Each structure stands twice: as C-alpha cells, then as structure tokens.
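Asker: Sequence:
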Amino acid sequence: MTARDVTEATFEQEVLKNDKAVLVDFWAEWCGPCRAVSPILDQIATEHADKLDIVKLNVDDNPGLAMKYQITAIPAMKVFKGGEVVRTVIGAKPKPVLEQDLAEFIA
1 MTARDVTEAT FEQEVLKNDK AVLVDFWAEW CGPCRAVSPI LDQIATEHAD KLDIVKLNVD
61 DNPGLAMKYQ ITAIPAMKVF KGGEVVRTVI GAKPKPVLEQ DLAEFIA
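Under the UniProt record's numbering, the first residue of the sequence shown carries the number 1, and numbering increases by one thereafter.
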C-alpha cells in the first residue's frame, strides 16, 4: 500500500469526508526532502492502513489547496480528522520521529 494522490477534485471525498484520520503530504516533484520522506510515508501507510490513510497532494498542481491550508514550506504534512486539521508536521523526518508525531493516530 502506498500513499494515494489526491487533487482539488478528489480532496473533499478522500480527505474531508473520510471516516479515518488522513495524513495529507503536501509535496512537489522538485523538492528533495519531499522525495526523501515519501518512502517512509509509504511504509507507515502500509503498516497502519487500518487506522490512518495517507495521501499526497502536489502543491504545484493544486495551488488552491496549498494556499487554503497555508502551506509555505514543504514537505508539510497535515492530519485531518472529521474534516478538520488536528496535527501539522513540517519537514522531512526519520521514520521513528514521524511515528512519534503520529502516535495518537496509529497506536
């Protein structure tokens, strides 16, 4: 299981109306740290698929959502629950640190 791509067209259904917590990875193709964190997020998505959905949103292709959620630096990850942002994680981090940041959603 890997993180799915979402767009402005699918964001509401995939993220805001999802019954589970959803981590949205705001990223761009040209961003080295984004590419570094991507396989870590894929691992977390696989290991915790029953508790947390992980999706990716390309900020270059979806500038409206990047602006709406005030994405000023990437990688930026926001956890949504019940349509609201409940956690923000900024920057590429090693897997144990990311898992600690997400502990309340994956435990």
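In short, the hints are calculated from the structure, not lab data.
Because the structure is a prediction, the values reported are computed rather than measured.
Don't take every hint at face value.
Unchecked claim - For lysine-lysine, the following PhoX-like pairs were computed, each having C-alpha atoms within a straight-line distance of at most 25 Å:
1. Lys51 <-> Lys81
2. Lys95 <-> Lys81
3. Lys68 <-> Lys20
4. Lys51 <-> Lys17
5. Lys95 <-> Lys20
6. Lys20 <-> Lys93
7. Lys81 <-> Lys17
8. Lys95 <-> Lys51
9. Lys93 <-> Lys51
10. Lys93 <-> Lys81
11. Lys17 <-> Lys68
Asker: Work down the list of hints and note, for each, if the structure agrees.
Answerer: Going down the list of hints, with the structure as the test:
For the proposed pair lysine 51 and lysine 81, the alpha carbon gap of about 11 Å is at most 25 Å, so the pair holds. With a CA separation close to 22 Å, the supplied pair lysine 95 and lysine 81 stays within the 25 Å bound. For the hint linking lysine 68 to lysine 20, the alpha-carbon distance of about 22 Å falls within 25 Å, and the restraint holds. For a cut-off of 25 Å, the pair hint linking lysine 51 to lysine 17 stands: about 15 Å separates their Cα positions.
The suggested pairing of lysine 95 with lysine 20 holds, with an alpha-carbon distance near 21 Å, which does not exceed 25 Å. For the hint pairing lysine 20 with lysine 93, the CA-to-CA distance comes to about 23 Å; that is within 25 Å, so the pair holds. Proposed proximity of lysine 81 and lysine 17 is supported: the alpha carbons are some 9 Å apart, at most 25 Å. Restraint check: the Cα-Cα separation between lysine 95 and lysine 51 comes to about 17 Å, which is no more than 25 Å; the hinted pair holds.
With a C-alpha separation of about 21 Å, the suggested pair lysine 93 and lysine 51 falls inside the 25 Å cut-off, and the hint holds. Our distance criterion of 25 Å between C-alpha atoms is met by lysine 93 and lysine 81, whose separation comes to about 22 Å. Restraint check for lysine 17 and lysine 68: the C-alpha separation of about 17 Å stays at or below 25 Å, so the hint holds.
When each numbered hint is compared with the structure, no violation occurs for any of them.
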